Amino acid sequence: MAMTYRHRNGAVTDGNTWYLMALDGTLATPGPLTVPQGMNRITQIIVGFGDIAPTGAVSDEGYILKLTGVADGEAIINLGASTLHGTTKGNLGSPWGAQRYDVDIPVKPNAILSPYICATLGVDTSAPQLDLTLGFST
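Numbered by the working numbering, the letters in the sequence shown go through residues 373 to 510 in order.
Bear in mind the hints are in silico, worked out from the structure with no lab data behind them.
These figures come from a predicted structure and were not determined experimentally.
It is possible that part of the hints are untrue.
Computed spacing ranges between beta-carbons, pair by pair [unchecked claim]:
no.	residue 1	residue 2	range
1	Glu446	Gln416	16 to 22 Å
2	Thr510	Asn388	34 to 40 Å
3	Thr510	Leu399	30 to 36 Å
4	Ala374	Ala470	18 to 24 Å
Just so you know, even glycine gets a beta-carbon here, dropped at the ideal spot from N, CA and C.
Sequences and hints are given; from them, build the entire structure.
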């Protein structure tokens, strides 16, 4: 099965708020993505969590992904949570690296998808960020 991947990234400034994820290479330009030609399913979701400006030694957040434009209209996926312990002088990243979820979400070729991220903020979450890669297949 041939796979094609599309990537977006996102920063969260307020908890419990949906943010359209940003185009590659920027956190300042939100934008949708197009389902690759000939692909009709999302079969993988790969995510990495982090906090680029922790003000304390702990950063807790839960992440939820909302995809609009899928064949059924909308998909909401709980991506998990992270508790990051580190230092106040640097970035905190997920100690387990990126996570891959195997999914089966129908999409239409060339459809426009809008990936939104929401963080349910916990303790000392000053600048949580998330990288998202969608794996498409037939």
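| request: Hints the structure violates: just list their numbers, smallest first. | output: none
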